[in-house]
Amino acid sequence: DAKTTQPNSMESNEEEPVHLPCNHSTISGTDYIHWYRQLPSQGPEYVIHGLTSNVNNRMASLAIAEDRKSSTLILHRATLRDAAVYYCIRLPLGGTASKLTFGTGTRLQVTL
Amino acid sequence: GAGVSQSPSNKVTEKGKDVELRCDPISGHTALYWYRQSLGQGLEFLIYFQGNSAPDKSGLPSDRFSAERTGGSVSTLTIQRTQQEDSAVYLCASSLVGHGPYEQYFGPGTRLTVT
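Protein chains in written order, with this note's numbering: chain A, 29 to 140; chain B, 122 to 236.
These are calculated hints, taken from the structure and not from any lab test. Hints should not be assumed to be uniformly reliable.
Said to hold, decoys possible - Quick partial rundown of chain B residues pointing at chain A, CB under 7 Å, derived from the structure:
no., residue
1, Leu160
2, Gly163
3, Glu224
From the three backbone atoms N, C-alpha and C, an ideal C-beta is built for every residue, glycine too.
All chains, please: the whole structure from these sequences, using the hints.
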C-alpha cells in the first residue's frame, strides 16, 4: 500500500520524546489520518487520529502539516512499553467500511 | 469494561480439517472486522459486519473461508479444508460503527497453525 510512507525503524532512549513521521502526499480532503501500534505478540492498538488540527490524547499527540501531506506522531516520554511497530493509515471520512491495511510501519526501539 | 475476546488463543490443526474461530466484540459495537496477519506481514482484511447489513466479504481469499455474526454480537470465522498457507494470526476487531473515524479495538488474536 503506497498511500503512506514511514521510516522502517527508529530508536529512542527511555524518557525522551519520539517523533514518528508519516508522509501521505496524495491524501484526499476527506481522509482521516489514523495511527495504530502493535506490540510484540499482541493485536494492534489504536493510538490517535486526526483530520486537520493537531490532536492530543493520553497516549500521544498528532501534529498534522498545514497542507496535510504529512503528519508526526509524538510520544512525549518514551518508555520501554512503547517499543512497537507504529502504523500510519489513511481512512475515508465515511460511506465505506474502515478496512485497515497496514504497511510495514515504523519499528520503534526504546533503550534504557 | 471488557475488551474484544477471541478463542482459542492457539489452534493447531492438520491439513484438510475444518476450524472455527470465535470473536466476542465489545458490547454495543455494531461493526466487526476479521483480519489476518501472516508472520512478519502486514494486516489483511477478510470480512466486515455492520449491524444488520449484508457483510462485506471482499477480502475472503477463497470460498473455503466463511463467517457469520449471530444476533449482532458474537462472530465465528470458519475455514474449511485448511491448507498450510492458512497458517497465520487471525484478528478480530470491533468499533462503534464501521465507517468514519471510529477506532477499532482488536482482540488478542488466534494463532492458527496448519500442519
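To see whether the hints hold, each was checked on the structure:
no. : hint   : in the structure
1   : Leu160 : 12 Å, violated
2   : Gly163 : 4 Å, holds
3   : Glu224 : 4 Å, holds
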